[in-house]
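Residue numbers (our numbering), protein chains in the order written: chain A, 1019 to 1143; chain B, 1019 to 1143; chain C, 1019 to 1143; chain D, 1019 to 1143; chain E, 1019 to 1143; chain F, 1019 to 1143.
It should be emphasised that the hints constitute simulated quantities derived from the structure, not laboratory data. Any given hint could be a false lead.
Because identical chains cannot be distinguished in the list, a pair is counted as satisfied if it fits within a single copy or across any two copies.
In silico SDA-like cross-links for lysine to any residue, where the CA-CA straight-line distance does not exceed 20 Å [claimed, not checked]:
| no. | residue 1 | residue 2 |
| --- | --- | --- |
| 1 | Lys-1056 | Asp-1023 |
| 2 | Lys-1056 | Arg-1069 |
| 3 | Lys-1029 | Gly-1055 |
| 4 | Lys-1136 | Gly-1071 |
| 5 | Lys-1136 | Asp-1048 |
| 6 | Lys-1136 | Tyr-1051 |
| 7 | Lys-1143 | Asp-1048 |
| 8 | Lys-1136 | Ala-1039 |
| 9 | Lys-1056 | Lys-1136 |
| 10 | Lys-1136 | Glu-1092 |
| 11 | Lys-1143 | Asn-1050 |
| 12 | Lys-1136 | Glu-1111 |
| 13 | Lys-1136 | Ile-1044 |
| 14 | Lys-1143 | Tyr-1051 |
| 15 | Lys-1056 | Val-1027 |
| 16 | Lys-1136 | Ala-1093 |
| 17 | Lys-1029 | Glu-1052 |
| 18 | Lys-1136 | Asn-1050 |
| 19 | Lys-1029 | Asn-1100 |
| 20 | Lys-1141 | Val-1105 |
| 21 | Lys-1029 | Val-1043 |
| 22 | Lys-1143 | Ser-1108 |
Since this is a predicted model, take the numbers as computed values, not measurements.
There are 6 protein chains.
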Amino acid sequence: MDKIDRYTVGKNNLERIDAMAGQDVINSLDGNYEDVGKYIIEFAFGDIYDRTGLTLQQREMITITSLLSQGDTEAQLRVHINGSLNVGLSEEEIIETFIQCIPYVGFPKVLNAIFVAKDIFEKNK
Amino acid sequence: MDKIDRYTVGKNNLERIDAMAGQDVINSLDGNYEDVGKYIIEFAFGDIYDRTGLTLQQREMITITSLLSQGDTEAQLRVHINGSLNVGLSEEEIIETFIQCIPYVGFPKVLNAIFVAKDIFEKNK
Amino acid sequence: MDKIDRYTVGKNNLERIDAMAGQDVINSLDGNYEDVGKYIIEFAFGDIYDRTGLTLQQREMITITSLLSQGDTEAQLRVHINGSLNVGLSEEEIIETFIQCIPYVGFPKVLNAIFVAKDIFEKNK
Amino acid sequence: MDKIDRYTVGKNNLERIDAMAGQDVINSLDGNYEDVGKYIIEFAFGDIYDRTGLTLQQREMITITSLLSQGDTEAQLRVHINGSLNVGLSEEEIIETFIQCIPYVGFPKVLNAIFVAKDIFEKNK
Amino acid sequence: MDKIDRYTVGKNNLERIDAMAGQDVINSLDGNYEDVGKYIIEFAFGDIYDRTGLTLQQREMITITSLLSQGDTEAQLRVHINGSLNVGLSEEEIIETFIQCIPYVGFPKVLNAIFVAKDIFEKNK
Amino acid sequence: MDKIDRYTVGKNNLERIDAMAGQDVINSLDGNYEDVGKYIIEFAFGDIYDRTGLTLQQREMITITSLLSQGDTEAQLRVHINGSLNVGLSEEEIIETFIQCIPYVGFPKVLNAIFVAKDIFEKNK
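All chains, full assembly: derive it from the sequences and hints.
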């Protein structure tokens, strides 16, 4: 029963936060890969995103910061910059989040993230 | 004049956010190293932390996330976990920030940050 | 029911693989940190380590390679070098695993891991 | 004589393990770049891959784990996922290797590797 | 006045070092992103590149080494490999710089940088 | 014969560049670990450091930049900051090298390297 719960809870959170972009990732994880999608739903969105103590806006702000800071995460930044907008962060807050990282990771990683955001924001217009 | 402004603004922000722990870093950067301390004050704390658009609590949450995610930043996490408390984040919010990173960077980097936080929180009691 | 299962399964795997060193990590995650220990047990050791398709020796070989390659994981290497010995990898296989990484990550990360292993092996004598 | 040996040994290992994909990398390293190809052959494939103590399957499993864990290695993952198949790892074992890394590096790096593998496996059909 | 100075100094250094490739980055940082361009000019090129103690050739050699070593910096390597040529480093010195990194970061990161350089050098012919 | 050559060449370069600090690393790699020391001598110091095209000062400047930029390399920075002094870089040039990295990797990694250098310089007085 718990398994159904975690999966259902995670699926709902995924839809609410990452919407179509998140669902596309899960859909691409079919056949031999479907357990990976299941873990993303159950663990990341069922266990972690469902916790109390931080708002979804705070959680997405943390997520895009973590993705920017580790590098090589363009695909994931695309999903979670959209997710950040979905939960109510403004374009300005997203850019400001990236600017706050400059002293800690330097310009290259921040520029990489900004150009992903810029591309998303322009397509949304 | 601008130079005085940026330095003074940064110094005030540094004192307000990182307090003694931040000042200790600057003090250790004397002699041949003092330009590095100047850049931290002018650029990180004068230019970036002084921007509008995010609260200081949000900025510190972003900073500790960025430090956790890149790894090898124990000394800086010590300064900014204290800074997070100084600007009003609770111990629970700091731990919750670290937990939100688990799906994105895995357990080792999160455990490293949690053990630094735990050590700080226990000393503060 | 599933929750009990995943936790129990994970706890058994943790004991079998990481033994005391793993239990020490979980024990240190008490109070506000205990959910992190729960996720390590349920997700890492209940979900992932319990999968079929690879032996525990292969899983530990992958784990120590991943820890070496990301860096800043001395504490986790200590647990999983011991774990590697527990599941039947020899000291020679562990060192050989690290040597295989030299062309891919360079000497510094490999030396860091080797000195952790050397320290463990000498204490075990 | 040793130089001929190391180069010949390495060339044979490269052909056996990475086949055409590896040879393509070496071929692209012509002119001013040919010493880099020489070092890959002599050191990576002549010295390291030729060691005893681990099977070639184990060595490739370690290699793709190291590539996944450091990130920004799509081109090298392409060569060594093919290499893993060449030395006898199954598609399932390769995916399982990547899944084992989730608790240690998080989902983004694992997803990046899985999508490279998925693309290779589909082209091989 | 200092602000004008730092910006003007930085702009001059940017033009001298990175020429069109650097200006393209700044131009792409318009609207909500222009503060990032301002910080690159004022801090990176106004404060840091304008320091004494190292030649511009040494500074670019350090920059491309730092970009190669952190990974996921193809766009920035493009700018600074061109910048390295602009300040007088030869193609051979750039490749030699990358080769020197092999023992410290391994082959994958070095190959990534070499293929960016090779592409630039071939277009310059 | 080549093997003797590469080892002898590497050993001479190691002694000339890293002196006692480098020899200590090799000495600690005894018994099961001695092949790692052999590869450091033959490949890093026999093949790479012995190349033409860059001065030893340039090679050490590249090395300490690469170590700083990847992080978690305190032990290796100790060896190569000493090596940098041995081949004729001044304390000021070493610090200046680290300062040049600030825009590319941020303050934390640079501060880590500076505090290692500061410790070495103070002990040398």
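Hint-by-hint comparison with the structure:
no., hint, result
1, Lys-1056 / Asp-1023, "both (13 Å within a copy, 17 Å between copies)"
2, Lys-1056 / Arg-1069, "both (18 Å within a copy, 14 Å between copies)"
3, Lys-1029 / Gly-1055, "within (10 Å within a copy, 24 Å between copies)"
4, Lys-1136 / Gly-1071, "between (30 Å within a copy, 18 Å between copies)"
5, Lys-1136 / Asp-1048, "between (31 Å within a copy, 10 Å between copies)"
6, Lys-1136 / Tyr-1051, "between (31 Å within a copy, 9 Å between copies)"
7, Lys-1143 / Asp-1048, "between (32 Å within a copy, 16 Å between copies)"
8, Lys-1136 / Ala-1039, "both (17 Å within a copy, 19 Å between copies)"
9, Lys-1056 / Lys-1136, "between (31 Å within a copy, 17 Å between copies)"
10, Lys-1136 / Glu-1092, "both (13 Å within a copy, 18 Å between copies)"
11, Lys-1143 / Asn-1050, "between (37 Å within a copy, 14 Å between copies)"
12, Lys-1136 / Glu-1111, "within (13 Å within a copy, 30 Å between copies)"
13, Lys-1136 / Ile-1044, "between (25 Å within a copy, 14 Å between copies)"
14, Lys-1143 / Tyr-1051, "between (34 Å within a copy, 16 Å between copies)"
15, Lys-1056 / Val-1027, "both (12 Å within a copy, 18 Å between copies)"
16, Lys-1136 / Ala-1093, "both (14 Å within a copy, 16 Å between copies)"
17, Lys-1029 / Glu-1052, "within (14 Å within a copy, 25 Å between copies)"
18, Lys-1136 / Asn-1050, "between (35 Å within a copy, 9 Å between copies)"
19, Lys-1029 / Asn-1100, "within (17 Å within a copy, 34 Å between copies)"
20, Lys-1141 / Val-1105, "within (18 Å within a copy, 37 Å between copies)"
21, Lys-1029 / Val-1043, "within (12 Å within a copy, 31 Å between copies)"
22, Lys-1143 / Ser-1108, "within (14 Å within a copy, 38 Å between copies)"
The earlier numbered hints are all upheld by this structure, with none contradicted.
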